[in-house]
Structure formats: structure tokens, C-alpha cells
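S.K.: Listed below, chain by chain, are the residues.
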Amino acid sequence: MGGFVFPNEIHVNWGLFIVLYPYITGLVAGAFIVSSLYHVFGVSDLKPVSRLSLVSALAFLFGAPVPLLLHLGQPLRAFNIMFTPHLTSAMAGFGYIYSFYMIICLLEAWFMFRKDLVIFSQTKKGFVRRFYSLLTLGAKDISPKALHTDHKVVSVLAVVGIPSACFLHGYVGFIFGSIKANPWWSTPLMPVIFLLSAIVSGIALLILVYTISCKVRKVEIDIPCLVAMNKYLWTFLIFATTLELLEVLHMGYEGKAEWDMVRGLITQGIPVTYLGVQMGFGVLTPLVLLPFGRAKSWSDGVKKTLTVASGVLVLIGVLAMRFNVVIGGQLISKSIAGYAQFHWTLLSDEGVIPALGILAFPVVMTLIMVRILPPWLEERKLQTVNSNVTPLSTRWELKGSGK
Amino acid sequence: MEEEPGQKTRWSQKAGFRVGVVLVCVLVIFGIVRQMSVPKSFGQYGYYRGDNVEEWVSMDQTFAPGNQVCAQCHAQEVQAAAQAEHNQLDCQSCHGPMLAHVKQPNQTHPKVAGNVDLCGACHREMVGRSKDNIRTVQVGSHSGGLDCVRCHDPHQPYAKIGGGRQ
Numbered sequence: 009m010g011g012f013v014f015p016n017e018i019h020v021n022w023g024l025f026i027v028l029y030p031y032i033t034g035l036v037a038g039a040f041i042v043s044s045l046y047h048v049f050g051v052s053d054l055k056p057v058s059r060l061s062l063v064s065a066l067a068f069l070f071g072a073p074v075p076l077l078l079h080l081g082q083p084l085r086a087f088n089i090m091f092t093p094h095l096t097s098a099m100a101g102f103g104y105i106y107s108f109y110m111i112i113c114l115l116e117a118w119f120m121f122r123k124d125l126v127i128f129s130q131t132k133k134g135f136v137r138r139f140y141s142l143l144t145l146g147a148k149d150i151s152p153k154a155l156h157t158d159h160k161v162v163s164v165l166a167v168v169g170i171p172s173a174c175f176l177h178g179y180v181g182f183i184f185g186s187i188k189a190n191p192w193w194s195t196p197l198m199p200v201i202f203l204l205s206a207i208v209s210g211i212a213l214l215i216l217v218y219t220i221s222c223k224v225r226k227v228e229i230d231i232p233c234l235v236a237m238n239k240y241l242w243t244f245l246i247f248a249t250t251l252e253l254l255e256v257l258h259m260g261y262e263g264k265a266e267w268d269m270v271r272g273l274i275t276q277g278i279p280v281t282y283l284g285v286q287m288g289f290g291v292l293t294p295l296v297l298l299p300f301g302r303a304k305s306w307s308d309g310v311k312k313t314l315t316v317a318s319g320v321l322v323l324i325g326v327l328a329m330r331f332n333v334v335i336g337g338q339l340i341s342k343s344i345a346g347y348a349q350f351h352w353t354l355l356s357d358e359g360v361i362p363a364l365g366i367l368a369f370p371v372v373m374t375l376i377m378v379r380i381l382p383p384w385l386e387e388r389k390l391q392t393v394n395s396n397v398t399p400l401s402t403r404w405e406l407k408g409s410g411k
Numbered sequence: 710m711e712e713e714p715g716q717k718t719r720w721s722q723k724a725g726f727r728v729g730v731v732l733v734c735v736l737v738i739f740g741i742v743r744q745m746s747v748p749k750s751f752g753q754y755g756y757y758r759g760d761n762v763e764e765w766v767s768m769d770q771t772f773a774p775g776n777q778v779c780a781q782c783h784a785q786e787v788q789a790a791a792q793a794e795h796n797q798l799d800c801q802s803c804h805g806p807m808l809a810h811v812k813q814p815n816q817t818h819p820k821v822a823g824n825v826d827l828c829g830a831c832h833r834e835m836v837g838r839s840k841d842n843i844r845t846v847q848v849g850s851h852s853g854g855l856d857c858v859r860c861h862d863p864h865q866p867y868a869k870i871g872g873g874r875q
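Chains A and B, in that order, give the protein sequences.
Counting with the numbering used here, you get residues 9 to 411 for the letters of the first sequence.
Counting with the numbering used here, you get residues 710 to 875 for the letters of the second sequence.
Worth flagging that the hints you see were computed from the coordinates, not collected in a lab.
All clues stand as given, with none of them false.
Result set (DSS-like, lysine-lysine): computed pairs, CA atoms no more than 30 Å apart in a straight line:
id : chain 1 : residue 1 : chain 2 : residue 2
1  : A       : K55       : B       : K723
2  : A       : K123      : B       : K723
3  : B       : K723      : A       : K160
4  : A       : K123      : A       : K226
5  : A       : K264      : A       : K188
6  : A       : K304      : A       : K55
Simulated restraints, written as ranges between beta carbons of each label pair:
id : chain 1 : residue 1 : chain 2 : residue 2 : range
7  : A       : R138      : B       : R719      : 19 to 27 Å
8  : A       : V256      : B       : K723      : 52 to 60 Å
9  : A       : L375      : B       : P819      : 56 to 64 Å
10 : A       : V164      : B       : V730      : 18 to 26 Å
11 : B       : S746      : A       : L375      : 33 to 41 Å
12 : A       : N21       : B       : G805      : 22 to 30 Å
Computed footprint of chain A on chain B, listed as stretches where at least three residues anywhere in the stretch have a Cβ under 8 Å from a Cβ of chain A:
id : segment
13 : 718-728
14 : 825-838
C-beta: ideal position from N, C-alpha, C; glycine also.
Use the sequences and the hints to build the structure in full.
M.R.: Encoded structure:
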């Protein structure tokens with residue numbers, strides 16, 4: 009380490025907050041893709057988490073711009089990128105990309121939960137009743153025909169949502185990937201790597217949210233659902249890791265001029281977070297554990313433990329990956345002849361404690377959101393409340409019952 | 710609000726219409742706020758507020774034109790500095806903006822802080838600062854908390870301490 013560093017590279021300007029931004033955005037995109045696996049691709053095993061995943065995606069979406077706004081220092085300036093849009097700047101596109109995705113997510117959630125909202129607005133009392141009444145926007149028709157229309161709208165929005173989610177997160181990778189002066193960032197693979205690791209982290213998040221919610225509600229965990237998530241997590245983890253390694257191996261095998269710098273970064277700059285946390289804990293361990301977590305001969309308890317443990321490891325691993333990309337890239341001097349140093353701080357200057365606070369925000373949002381839009385409300389319970397409601401028999405459920 | 714069977718929902722109560730109205734409202738509010746927030750002169754010359762140029766032009770000048778103005782009264786100091794390490798610096802780099810002092814020399818007497826904060830701006834040891842080009846020190850251990858000017862004359866940094874590099 010050491011070498012020649014330009015004066016303006018001494019301070020690592022993108023700190024932990026900027027590490028959290030792609031992390032939280034990735035969780036959003038990943039959770040949304042899980043909800044789409046059920047709503048668009050008809051993976052019926054994922055039904056127990058189909059609504060939970062959308063609510064989590066929405067809650068984390070609220071948390072996605074928080075680290076950016078706090079990093080700005082002057083949060084209101086964020087609106088300038090929307091008021092005076094700049095078409096040649098990828099970074100300036102965030103406002104519109106984020107808002108478009110937020111609208112898609114809100115619309116999908118609204119149409120998905122409209123029936124629940126209407127029922128709550130009729131059964132709850134006082135302020136809560138008025139609150140739900142407001143949320144229904146006065147559209148209180150929950151006849152089978154109207155609900156059927158809702159489902160059609162939801163499925164269209166889910167279809168539109170997939171490219172939007174890919175765009176929202178692929179775009180984050182694009183920003184890093186298109187910085188050609190930085191050998192650790194500059195690769196057209198970056199958007200794809202970001203997207204796949206986002207899906208990985210999103211599934212891991214849902215495994216955790218789903219298991220914890222079942223524990224809190226004292227409900228049996230749906231093992232086929234957990235096994236399905238286990239399978240998808242494993243598959244996407246393989247894809248994501250393949251691309252991540254491919255990028256580094258390719259650079260090394262080609263022996264590009266910058267390879268010595270990148271090798272130095274990996275072996276001396278960020279060996280603990282890259283080789284240890286990201287690759288060791290976040291990839292290798294779950295890759296081994298996950299297949300055992302769905303082995304038929306093993307008991308449900310072992311399956312749960314292994315899958316949840318893998319989920320936690322993957323979540324930590326992806327956070328480390330974001331750290332290694334964002335911070336690691338800034339450690340390589342533009343001189344390609346020296347390394348800057350990253351200093352951990354606790355409180356000041358995007359320290360660990362404020363970063364943990366930012367990370368806690370979407371978690372708290374999820375807790376609030378599942379109170380407002382309970383994603384586990386079963387159809388039967390609803391029918392006892394309102395006998396006019398006919399069971400939802402849509403093509404999604406028919407597909408599910410066929411399996 | 711619950712419907713009787715067979716009765717049609719009025720189009721104004723349909724979900725799509727309601728949510729559409731909300732969306733249009735959001736867009737209209739965005740448009741209005743944008744109209745109010747973007748300065749009138751934005752884009753006049755380029756991707757920035759045109760008035761900003763006028764504002765800079767009309768700002769009060771605070772710096773005096775250059776060392777030759779200082780030399781009219783402080784010839785000895787300017788002469789001394791011109792022969793030593795700091796000869797590339799403008800007087801006002803350390804002394805601060807001096808136009809007011811030049812206009813009314815007896816009424817304004819600016820002070821220069823000869824402490825480690827001022828000198829350290831250039832002489833503090835840093836990763837990106839090559840010792841080949843500038844003499845850098847670890848200010849804490851080098852001066853032990855004393856002001857730099859106790860040992861160094863800023864106009865001739867080594868004069869007080871024996872004349873040559875230590």
C-alpha cells in the first residue's frame with residue numbers, strides 16, 4: 009500500500025452512506041423480483057411471500073434515497089435533478105428512475121391491497137377507519153368484476169415492474185461501470201453484477217423477513233416456500249458470483265496494465281472484506297449450506313436453520329460486496345501508482361453508527377408497512393368479515409392449485 | 710358504498726379513475742413546484758442560473774491588485790520575501806484580502822494568524838503531498854503546540870533559525 013496519491017484522493021468522498029445506497033436499492037429490486045416470480049412467472053410455492061415481498065420492497069424503497077439525501081448534506085438540492093433534468097448524466101437520472109419505480113410499486117401495492125383497504129375502511133373504527141377510507145381513494149367497489157380488473161392491473165404492473173426494477177438497480181451498476189478511469193469499476197458487466205447481487209440479497213432478505221414474521225405471529229413456516237426461496241437464492245448466487253469472479257479473472261488473465269493495481273487492492277487493500285466477508289462468508293459458505301437446507305432427508309428444523317443462516321450470511325456478504333465496490337474503487341489512485349486509505353469512524357463523517365441508523369430505517373418502515381397493509385391476511389378471515397366478498401379465483405391461483 | 714348486485718359502478722368511482730386523478734394531481738403539483746423553483750434565468754447562457762454571472766460581477770472586491778501595491782509601503786517585507794522560499798506567494802495568500810487596508814491604511818489593521826492551522830494548510834504532512842516539492846512536517850510533534858512564527862519568519866522561513874535548512 010502507499011505509493012503516489014493525488015491530493016484530492018486523500019479523503020474517500022463516498023463513504024458508508026454511499027455503500028448503503030446500492031445495498032438498500034438492491035434489496036428493493038430483489039424483493040420485487042421475488043414478488044414477480046409469483047405474480048408473473050406463476051411460481052406458486054412463493055405464494056406465502058408474494059404480498060410480503062411487495063410490501064418489503066415498498067418499505068425498503070422508502071429507505072433507498074435516505075443515505076443519498078444525508079450524504080448530500082443539503083437534502084432539498086436533490087430536487088434539482090428533477091426540476092432541471094440533464095439528459096447526458098446517468099447520475100442525474102436517479103430522480104426520475106426512482107420516482108417512476110415508486111409509482112409502479114405504489115400502484116401495484118394499492119391494486120393488490122385495495123380489497124383489504126375497503127374492508128378495513130368498513131370494519132375498523134375511529135381514526136383508523138378514516139385513514140383506510142382515505143387510502144381507498146373512495147373506490148370502494150369490491151365486486152368480483154372489479155377485483156378481477158384489479159388482478160389484471162396487478163399482473164400488468166408486475167410485468168412493467170420487472171424491467172423497471174432491473175433498470176433501477178442496473179442503473180446503479182451503470183454509474184460505477186462507466187467510470188473508465190477506475191479499473192476496479194469500469195466494466196460493462198457492472199450493471200448485470202449489481203442486478204444479480206441485488207436479486208440475491210432480496211431473496212435473502214425475504215427469507216429473513218418471512219421467518220421472523222412467522223416466529224412473531226406464531227405461525228408455522230411454509231417449508232415448500234422456504235425451500236423454493238432457498239433454491240432461487242442458490243441459483244442466483246451462482247450466477248452473481250460467476251460474473252463477479254469472471255470480471256476479476258478476465259482482468260488478471262488478460263494481464264491488463266491496471267491488473268497489478270487491482271491485485272494489490274484485493275490482496276492488501278480490502279482482503280478482509282473481499283476475500284473473507286464477501287467471498288468466504290457471503291458466497292462460499294452459503295453455496296455449501298443451501299443445498300443441505302433443501303435436502304429431503306433432513307428435518308424441517310435443520311432446513312430452516314441452514315436456509316436462514318445462509319440468508320444472513322448472504323445479506324452480510326452483499327453488504328461487503330457494496331463496500332468493496334464503492335470504497336475499494338476509491339482506494340485506487342487515478343495515478344495507477346498508489347492507494348488511498350479508508351478510515352473507519354464511529355460517529356463523524358458517515359460513521360458506522362449513523363450508517364446503522366440508516367440501515368435500520370427501512371427495517372422500521374417494513375414494521376410499519378406490515379401493520380398498515382397486513383400481507384398475511386388470509387382469504388377465509390376476510391370472508392367472515394364481509395360475506396359479499398367472493399373468493400379470489402384468478403388465473404394465478406388456478407395456476408398455483410395445479411401444482 | 711357497497712353495490713347492489715347488477716348495479717353498475719359509476720365510472721367516477723372506479724379504481725382506475727380514482728388513482729388516475731391522484732397521479733394527475735401529483736404531476737400537476739410537481740409542474741407547479743418546478744415552475745416556482747427553477748430560477749427564471751436558468752439556461753440563459755448554459756446549464757446554470759444566468760443571474761449568477763451578474764451577481765459575481767457586482768460583488769464587492771476584497772483583494773488588492775497584487776504585491777506591487779503592498780510594496781509601496783512594506784517594501785522591506787516584500788523584498789525579503791522575494792528572496793526566500795515563499796517568493797511565489799502573494800502577500801494576501803497568508804494576510805488575507807487587503808483592499809480595505811489599502812484604501813484606508815490607518816483604519817483597518819488586519820492580523821495574520823501565524824499558527825499551525827494557517828501554515829499547516831500547505832506544510833502539514835499528507836499522503837498526497839510530496840516532500841520533494843514542499844517541506845512538510847507532522848505539525849503536532851514538530852512544533853509541540855507552539856505557533857510556527859515563534860521560530861520561523863514567514864518572509865524568510867529559515868532566517869531566524871540559522872539561515873539554512875536544518
